[in-house]
Amino acid sequence: MSEHPIKVVVGKPGLDGHDRGAKVVARALVEAGMEVVYLGLRQTPESIVAAALEEDADVIGLSVLSGAHMTHFTRVRALMEENGLGDRLLTGGGIIPTKDQETLSKLGVGKLFGPGDDPNAIVGYIHEWMATHPRGDV
Amino acid sequence: MSTDSVGIHTDSVPGVGPQPALSAELWQAFLAGDRRVCARLISKVENDPRSVPAIRERFAGRLGQAIRIGVTGPPGVGKSTLCSVIALGLAERQHRVGVIAVDPSSPFTGGAFMGDRVRMERFVGDDRIFMRSLASREGRGGLSPATPYVADVIEAFGMDRILIETVGVGQAELDVLNCADLVVLVLQPSTGDAIQSLKAGIMEAADLIVVNKSDLPGADTVLQSLRFVYSLGGAKARKAPPLLATSAQQTEGLDELVDTIERLATSLVESGRHRELRQARLVDEIRRGIQQELWERFLSQTEAESAIQKVAADLAESGGMAYDFVRAACSQVELRVREKRD
Ligand SMILES: Nc1nc2c(ncn2[C@@H]2O[C@H](COP(=O)(O)OP(=O)(O)OP(=O)(O)O)[C@@H](O)[C@H]2O)c(=O)[nH]1
Ligand SMILES: [Mg+2]
Numbered sequence: 001m002s003e004h005p006i007k008v009v010v011g012k013p014g015l016d017g018h019d020r021g022a023k024v025v026a027r028a029l030v031e032a033g034m035e036v037v038y039l040g041l042r043q044t045p046e047s048i049v050a051a052a053l054e055e056d057a058d059v060i061g062l063s064v065l066s067g068a069h070m071t072h073f074t075r076v077r078a079l080m081e082e083n084g085l086g087d088r089l090l091t092g093g094g095i096i097p098t099k100d101q102e103t104l105s106k107l108g109v110g111k112l113f114g115p116g117d118d119p120n121a122i123v124g125y126i127h128e129w130m131a132t133h134p135r136g137d138v
Numbered sequence: 139m140s141t142d143s144v145g146i147h148t149d150s151v152p153g154v155g156p157q158p159a160l161s162a163e164l165w166q167a168f169l170a171g172d173r174r175v176c177a178r179l180i181s182k183v184e185n186d187p188r189s190v191p192a193i194r195e196r197f198a199g200r201l202g203q204a205i206r207i208g209v210t211g212p213p214g215v216g217k218s219t220l221c222s223v224i225a226l227g228l229a230e231r232q233h234r235v236g237v238i239a240v241d242p243s244s245p246f247t248g249g250a251f252m253g254d255r256v257r258m259e260r261f262v263g264d265d266r267i268f269m270r271s272l273a274s275r276e277g278r279g280g281l282s283p284a285t286p287y288v289a290d291v292i293e294a295f296g297m298d299r300i301l302i303e304t305v306g307v308g309q310a311e312l313d314v315l316n317c318a319d320l321v322v323l324v325l326q327p328s329t330g331d332a333i334q335s336l337k338a339g340i341m342e343a344a345d346l347i348v349v350n351k352s353d354l355p356g357a358d359t360v361l362q363s364l365r366f367v368y369s370l371g372g373a374k375a376r377k378a379p380p381l382l383a384t385s386a387q388q389t390e391g392l393d394e395l396v397d398t399i400e401r402l403a404t405s406l407v408e409s410g411r412h413r414e415l416r417q418a419r420l421v422d423e424i425r426r427g428i429q430q431e432l433w434e435r436f437l438s439q440t441e442a443e444s445a446i447q448k449v450a451a452d453l454a455e456s457g458g459m460a461y462d463f464v465r466a467a468c469s470q471v472e473l474r475v476r477e478k479r480d
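Residue numbers (our numbering), protein chains in the order written: chain Y, 1 to 138; chain Z, 139 to 480.
Among the clues, some could well be false.
Quick list of in silico lysine to any residue cross-link-like pairs, SDA-like style, CA-CA up to 20 Å [to be verified]:
no. : chain 1 : residue 1 : chain 2 : residue 2
1   : Y       : LYS106    : Y       : SER47
2   : Y       : LYS23     : Z       : GLY214
3   : Y       : LYS23     : Z       : GLY253
Keep in mind that the hints were calculated from the coordinates and are not lab data.
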């Protein structure tokens, strides 16, 4: 396929709070030339993966600050596999202990970022991941 | 034979560049309603213009019935919110609905923030509706250049009503007039004074005008100014389109909105106007196709590009004009076309 802008679906699963963090990251991705489909608050893993499927997103980015990261990332990853999106990147941010990150990583979840990280760190990571993961066949 | 991520063969064949063909399995999956394949075909036409002819050729016999409804208007007036209402309303009326929402790409970074889904979450996972966000990319008139082809993919997938939400930058944009069968112009109370400044053409082209956010003060004033503008008639000599007030927030006027759109869609078909529009678009397509094809044939001649450069350099020097060269170049292409036919 010819070069195209990287497409990212950004959403915030769960019922908690505000989406400031997700918006900051979304902005950074746009600034870096990506096409960001912003889903907003109160998403479910199902709604996020359904949107990513219709959008043919290269990347799903989740913002999980509620502490429920294990549940959400695990579920989204499982739904991605179920829906033929296993070759796409799942990344995101939250307050996620190293131990949890390692567990998630074994399930196929990509690198996760904390509230203290520079939003451009995730930009760099996505670029790097895309460069090393050409899309598989249907 | 090489195959890319959607299983489309990309080997180049002699002639006019690569001509990808859709694999049989993929086509079957598409026909069987596999949303993932539909999504990937959309990416294909969006990202690789050269793949468009081969993909659209497969759609023969599957296009031309759907009604394409453009939803346009200034930023933030409630286009996405109303698209969500309309899509669900049409689905309730036994339609299968596609929604395409276009958002502006930054001319500097190429990035785009697409937030329309925030207002459309009610139909995620609803089989009757397929929604896709598009960045406007090189499009400058409120749509992405690939929009009509994306609509084709969605129609071929089985949707018979397709909503196209334009970019909400500046005033209502005009690209939508070329690819929609019906145009809905959405305004809001604070648009009052801005009616005069709406891009010329959109008021004439609108088949329906909706003043949304009627829960806010000033909606009546906007309706009055609209009636006034249309009562002036003048050279435009067009019948005033239906004017509706809606409030998505207070759920007012929404059933009427969907009913009006359905009524307009029905009369579009019954009056033969839908067919006329399609025919006019085919005329355009044929013209553009011929231009494109002839241009490519010309360029495929060895050293065509360098000949252009050389002639331009000579003319710049001599002060001469380019017509002789253009005529000669065209007759050369013509000759080659004849040779091929004989
Ligand atoms: N008060 C009021 N607010 C509304 C109504 N309809 C939509 N809104 C709000 O208006 C804002 C913009 O709505 P959208 O549907 O995103 O508007 P849009 O025209 O699609 O915006 P862009 O795509 O950014 O141009 C949102 O905050 C909506 O909640 C309404 O009937 N009344
Ligand atoms: Mg919108």
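Are the Cα atoms of LYS23/Y and GLY214/Z separated by 20 Å or less?
-> Holds, at roughly 18 Å.
Given the hint that LYS23/Y pairs with GLY253/Z, test it: the Cα-Cα distance must not exceed 20 Å.
-> holds (11 Å)
Would the pair LYS106/Y and SER47/Y pass a check requiring their Cα atoms to be no farther apart than 20 Å?
-> violated (24 Å)
The structure fails hint 1 only (numbered hints given earlier).
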